[in-house]
Amino acid sequence: MLQVHHDGKAVVSSGNRERSEHDVARLHAYGLWATMQQD
Amino acid sequence: MYLPRKIERDPAGGVRLNFDEQELLLLRELLAELQGLLEDPDDPAVRRLFPPAHDDFESEEQYRSLVRGQLLGGRAEALATVRRTLGRETLSPKEADAWLRAFNDLRLVLGTRLDVTEDIEFEGLDPREPRGRDLAVYAYLSWLQEELVEAIGQV
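Order-wise, the sequence lines are chains A and B. Be aware that the first sequence starts at 1, since it is given in the working numbering, and climbs by one per residue. Be aware that the second sequence starts at 1001, since it is given in the working numbering, and climbs by one per residue.
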């Protein structure tokens, strides 16, 4: 949480694409800005 | 200045609402506007409610086709719950959760439209300024949201 506060962004989940998209969609449902990034 | 709480915890569970007629009128108007906007997905402020998940076009299209309907459905449902329960004196915990979601959406849309940033000073707003009235509405919604979070958070 503090990382978001200081940097404006943070990694909150990692995993395969399906799993990550599911997590992103849950954040989008709450109006939070979330994007996917491939490492 | 003492202001009575508009939203507070109900000792019986859920929350209590203490809105006057003027406030209900304003909220009804704002919620109706949000309802109309949800049906217009091209509105720039509404796009804030549906952020992109991917940088590349193809993945983003796929993501949209998978979740857009679900996200829209959740928002419409929360909004319908708030519009249905607006004149009530009490809300169940589940209804209060819908309020939290719909008010969050309202603030996001209004904040995007008004280009609200951390630098905006909400103390001493002048309603005669071009954005004055809308910023006052935004501040009012923020205040309600805070009371709602506090009311739900008290166990």
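Be aware that one or more of the hints could be misleading.
[Unchecked claim] Subject to a maximum C-alpha distance of 25 Å in a straight line, what follows is the list of computed DMTMM-like cross-link-like pairs (lysine to aspartate or glutamate):
1) B:Lys-1094 x A:Glu-18
2) B:Lys-1094 x B:Glu-1147
3) A:Lys-9 x B:Glu-1061
4) A:Lys-9 x B:Asp-1055
5) A:Lys-9 x B:Glu-1077
6) B:Lys-1094 x B:Asp-1042
7) A:Lys-9 x B:Glu-1121
8) A:Lys-9 x B:Asp-1020
9) A:Lys-9 x A:Glu-21
10) A:Lys-9 x B:Glu-1118
11) A:Lys-9 x B:Glu-1060
12) A:Lys-9 x B:Glu-1089
13) A:Lys-9 x B:Glu-1008
In case anyone wonders, no lab produced these hints; they're calculated from the structure. What you are looking at is a predicted structure, and each value in this text was computed from that prediction instead of being measured.
Checked hints:
Proximity of B:Lys-1094 to A:Glu-18 is assessed by CA-CA distance (about 29 Å); at most 25 Å being required, the pair is judged violated. Taking the CA atoms of B:Lys-1094 and B:Glu-1147, the gap is near 16 Å; set against the 25 Å cutoff, the hint holds. Taking the CA atoms of A:Lys-9 and B:Glu-1061, the gap is near 24 Å; set against the 25 Å cutoff, the hint holds. A threshold of 25 Å between alpha carbons decides the hint, and for A:Lys-9 with B:Asp-1055 the separation of about 16 Å falls inside it, so the pair holds.
Distance check on the hinted pair: A:Lys-9 and B:Glu-1077 sit about 29 Å apart at the alpha-carbon level, beyond 25 Å; violated. Proposed proximity of B:Lys-1094 and B:Asp-1042 is contradicted: the alpha carbons are some 30 Å apart, above 25 Å. With a C-alpha separation of about 24 Å, the suggested pairing of A:Lys-9 with B:Glu-1121 holds against the 25 Å cut-off. Distance check on the hinted pair: A:Lys-9 and B:Asp-1020 sit about 40 Å apart at the alpha-carbon level, beyond 25 Å; violated.
A C-alpha spacing of about 17 Å is found between A:Lys-9 and A:Glu-21, which places the hinted pair at or below 25 Å, so the restraint holds. Restraint check for A:Lys-9 and B:Glu-1118: satisfied, since their Cα atoms lie roughly 16 Å apart, inside the 25 Å limit. Proposed proximity of A:Lys-9 and B:Glu-1060 is supported: the alpha carbons are some 20 Å apart, at most 25 Å. The straight-line distance between the Cα atoms of A:Lys-9 and B:Glu-1089 is roughly 39 Å, outside the 25 Å bound, and the hint therefore fails.
A distance of roughly 32 Å separates the Cα atoms of A:Lys-9 and B:Glu-1008; the hinted pair therefore is violated under the 25 Å criterion.
When each numbered hint is compared with the structure, violations occur for hints 1, 5, 6, 8, 12, 13.
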